[in-house]
Amino acid sequence: SDGGPKFISANGKRSLEINGRLQLDASNTSGSRFDSRNIGGTQARRLQFGVSGQLSERIGYKMEYDLSSNDISMRDAYVSSDFKFGEHDATLYVGNKYDDRTMDGATSSNNTWFMERGFVNEALGPERGSYGLGIKGKVFGDSRTWHTSLAITNGRLGGDTDRSDSTTYMTRSHWNPWTSGSDMVHLGAWGFHENIHESDTSATQNTRAADGFNDNVTINSRPIRDPESSNAYGFELATSLGPFAAAAEYGKRSIQQRDSAGGDDVRYDAYSVQAGYFLTGENHGYSRKSGVWRLPEVKDPVSAGGWGAFELATRYQALDFDGTSDYPRGDGHSTTVGLNWYPNDWSRVMFNYIHWNTHNRSGDYEGKDDGDTLATRLQVVF
Amino acid sequence: SDGGPKFISANGKRSLEINGRLQLDASNTSGSRFDSRNIGGTQARRLQFGVSGQLSERIGYKMEYDLSSNDISMRDAYVSSDFKFGEHDATLYVGNKYDDRTMDGATSSNNTWFMERGFVNEALGPERGSYGLGIKGKVFGDSRTWHTSLAITNGRLGGDTDRSDSTTYMTRSHWNPWTSGSDMVHLGAWGFHENIHESDTSATQNTRAADGFNDNVTINSRPIRDPESSNAYGFELATSLGPFAAAAEYGKRSIQQRDSAGGDDVRYDAYSVQAGYFLTGENHGYSRKSGVWRLPEVKDPVSAGGWGAFELATRYQALDFDGTSDYPRGDGHSTTVGLNWYPNDWSRVMFNYIHWNTHNRSGDYEGKDDGDTLATRLQVVF
Amino acid sequence: SDGGPKFISANGKRSLEINGRLQLDASNTSGSRFDSRNIGGTQARRLQFGVSGQLSERIGYKMEYDLSSNDISMRDAYVSSDFKFGEHDATLYVGNKYDDRTMDGATSSNNTWFMERGFVNEALGPERGSYGLGIKGKVFGDSRTWHTSLAITNGRLGGDTDRSDSTTYMTRSHWNPWTSGSDMVHLGAWGFHENIHESDTSATQNTRAADGFNDNVTINSRPIRDPESSNAYGFELATSLGPFAAAAEYGKRSIQQRDSAGGDDVRYDAYSVQAGYFLTGENHGYSRKSGVWRLPEVKDPVSAGGWGAFELATRYQALDFDGTSDYPRGDGHSTTVGLNWYPNDWSRVMFNYIHWNTHNRSGDYEGKDDGDTLATRLQVVF
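Chains as they are written, first to last, in my numbering: chain A, 1 to 382; chain B, 383 to 764; chain C, 765 to 1146.
By construction, these hints were calculated from the structure, which means they are not laboratory data. These numbers come from a predicted model, not from an experiment. Check before you lean on any hint, since a few could be wrong.
[To be verified] Heads up, simulated DSS-like pairs for lysine-lysine below, C-alpha to C-alpha not over 27 Å straight-line:
1. C:1016 - A:6
2. C:1063 - B:388
3. C:1132 - C:770
4. A:13 - B:634
5. A:299 - B:395
6. C:848 - C:1016
7. B:388 - A:6
8. B:466 - B:634
9. A:6 - C:777
10. A:252 - A:299
11. B:395 - C:770
12. A:6 - B:395
13. A:289 - A:299
14. C:777 - B:681
15. B:388 - C:777
16. B:388 - B:750
17. C:1016 - A:13
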């Protein structure tokens, strides 16, 4: 399904793949009370390049980076090993690896239904970001109807090495209680606990509410000084029935302040519901192995003289940060309508219309505000 | 003509190429009145690495970056589509793409006759630099004797996304009124208009007059506060006759200040004339399709026991920034004599002797100055 | 011996290889008097990616970079040419190239016996770092029992180009007075002289004494203002006898201050002795051509149902910076015990236990201190 070449050694055990993705966005926002939120422009959302491969039947590796900011940002960089955990297939990863956290988040950015992942994933992450350096194990059900993962990470790639780092424990599991052909019901849950190192003197999780371009349309969280630890959990519910699919997620996070700084805490939660329908009859691609969305198999690709696949999708989501008298709460919600065109299995054109509402009680862009963002993306995977 | 491998899928429609270029320079300057201009050293002028390919018969992509500063700098990063525009071949590019601006500028740095491009290209660019993020269309004449391009770009890759960005409209065309075998006459013209975003609070275009190493030998432009827009245009004239070729370029740019800042403007122009001769009889490579210089086809490469190709080239160029009583004008000119050795079609050794004159009426290195720069480059393309 | 694919053109003269290395470390330190030295964590020590190849029978190139800091750091980036120097094989390199300095330093980080190179290499480098931009020649003995190299470099890749740069002359030679099968005795010597540019206003060479992670366990050198030049030399002695091998290195460096700043100078020296033994009977890999350590040929690799190779190694090393009454001296020493497991020829797991002593008479972490560091590495080469 990707266009990069794969090189395989004579004995078939060694391989190397070259992969990349280009996501080129244009965005325009209007209707806000604030001029500086009514902005537009273009952006390379992702320019990823990477190599991955197998060094033997069981040992693999991956090294991938993003260049979209005109600078390097490492993505996955790990060594993996397939093995048997009891009777189950399992994989162990050592290195830098993307989180298995929320269904929307665990889904590749090539395959999410909307241009940007939802609030549950974006707002409920650990302080180290969405990549952690450490080890992760994944166990897969024989029947390919469940998986569970556990990661223990210590800081991030390129972090300081003049101090110890924050440690994060993260887990996610999914189960398909019912499947029939490509139809299915998905249940999932995830959680993490992190011990935040004392060198992290403030935690805040301002979250973009419009799209990936507009940095000014954010729902602002209350900053918390001297955070000590944080806990989060969430639930996933999804189904795919022929060309129709729907998903709902809920998550909650708390951040505890050090006693020495007051012992305060922040709590906030987010949820989303979304539905999609393929006008051209395709199923929503889904991996039963890992419990994530995949690309559809295009029935009538442009290369065969067809029109490709068209998908309509809509999402409602809300995020609610708590507050105190010092720094009152912020909340917001957004409704997205999306039209996705898949000319074939390696390209996608996306149109997202987002009506967003933010209500920040302090900080920038205070007060009730709402607006409309129209965004489009050209995505090519090689 | 490049040494990178090309991988082609079984059906012949998908391909991926790996490409790179190394340009390793040494430079020494003497004769200036200012000690800090009489410097020398080595530099990796370009260390480019990239992948490009076709995903189908008509859809291609490219992703390329430069590492010579010991940091990443993105070059081309686009998706392209070949199509028919009326009866003409055409290509549409979406993403980050190098300017089609001046004949010298549109020519690859692998193929320019001198180590550095001329003043017309270097001094007359838009505020966003030589790469823009947006869309570009190119239409090619059936007879391959003309092309025209139009690009609309919005800022640059990795630019800020908390504001709208400068928009640039750029076009270039060329026409070959006469061709005979590899001989030809080339006429060309280009222009751009840019709406400069108010966050760009100053425009200046100090231009290196010696070579790519020496940062101190510059012709200084008058800085203009709060620029609002800029316009530029230029003309190209070139011919190739057997082993002889010549080219001339002229260009002019104006920058308008916002009325609120005074409504002033800056104007400046530059020109160059250059001639080249292959001592070993080769023609100057030229693309009739795009109106740019290419590498020669070496008649007697070193690998076949020959001496490769030798080219003598010379260029005179001048640049003249206007001034005001506050910040008086700066101007300068330079004469370059170059000897290029092409052992084969993937390598080149260049020697450039530059006698330069700068006359900055304000800022650093004020007053009349002149000096001599000797520079050499080893270039390998894979 | 590496897992990256190699592409060879139809005529067999052109090739391109893709290579990478992942070194993933975990580290923990305890026992220091200073809390901030008793830290632990994980780190990607190296994430290298590169391409190299031949453009003809004699002309090659290499371009390699490291991504472990979540940023780019260029490594080798050069064009090379094989030729005959009298009757001897020789290679000329133009570009950015890693130093041929100390036996431990010239050995690839994939092949060193311990996770970090020794004090002789780490503390006795030139001001420009371990990579220089310039030219290097290597001549190899016909009998493959000696080599000698000479490099002249001018600054580093990405250095400033508004001034001249430091010039460094560096040489290294080795000789095998006795060889028998894979057994050998190695004698080596190296030295360098550098003219430090006046823009380098201070020279200091604080050296990590525990491992590559812990930035706080350092032996501090006296900073010297306005350094003018520096000289260094060192000697190497090594032997490999069946599964046993041993090596010793000594080196000394002096830095001269400009007369205008006082004409002071700094002197310091370092030495190391190390021994290794393959419990599984392998020889220590060694290149007679270049006088460096290589990986062992694993007798019974895991892929063939075996246990791989196991190596025990130990090293004692000491470093001694001189001082003055203003900034008193610093010294330290460390003992390392290492266990290396080589499952096959492209992977390695390392365990290093280091007991270190530092005695800095000024600056951070003043006074006698000692502690224990336990570190482990997973290394995969593709």
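27 Å limit on alpha-carbon distance, applied to hinted pair residue 252 (chain A) and residue 299 (chain A): violated, 39 Å
Restraint status (C-alpha distance of residue 6 (chain A) to residue 395 (chain B) at most 27 Å): holds, 15 Å
Hinted pair residue 848 (chain C) and residue 1016 (chain C), Cα distance within 27 Å: violated, 34 Å
27 Å limit on alpha-carbon distance, applied to hinted pair residue 466 (chain B) and residue 634 (chain B): The given pair, whose Cα atoms are some 34 Å apart, is violated under the 27 Å limit.
Agreement of residue 1016 (chain C) and residue 6 (chain A) with the hint, judged by alpha carbon distance not exceeding 27 Å: violated, 50 Å
Holds or violated: residue 13 (chain A) to residue 634 (chain B), with C-alpha atoms at most 27 Å apart: violated, 61 Å
Given pair status - residue 6 (chain A), residue 388 (chain B), alpha carbons within 27 Å: holds, 13 Å
Given hint residue 750 (chain B) paired with residue 388 (chain B) - CA-CA distance at most 27 Å: violated, 52 Å
Proposed proximity, residue 777 (chain C) with residue 6 (chain A) (alpha carbon, max 27 Å): OK: residue 6 (chain A) and residue 777 (chain C) at ~23 Å, within 27 Å.
Agreement of residue 388 (chain B) and residue 777 (chain C) with the hint, judged by alpha carbon distance not exceeding 27 Å: It holds: about 15 Å lies between the C-alpha atoms, which stays within 27 Å.
Restraint check for residue 395 (chain B) with residue 770 (chain C), where alpha carbons must lie at most 27 Å apart: holds, 23 Å
Holds or violated: residue 1063 (chain C) to residue 388 (chain B), with C-alpha atoms at most 27 Å apart: violated, 37 Å
Hint check: violations occur at hints 1, 2, 3, 4, 6, 8, 10, 16, 17; the rest are consistent with the structure.
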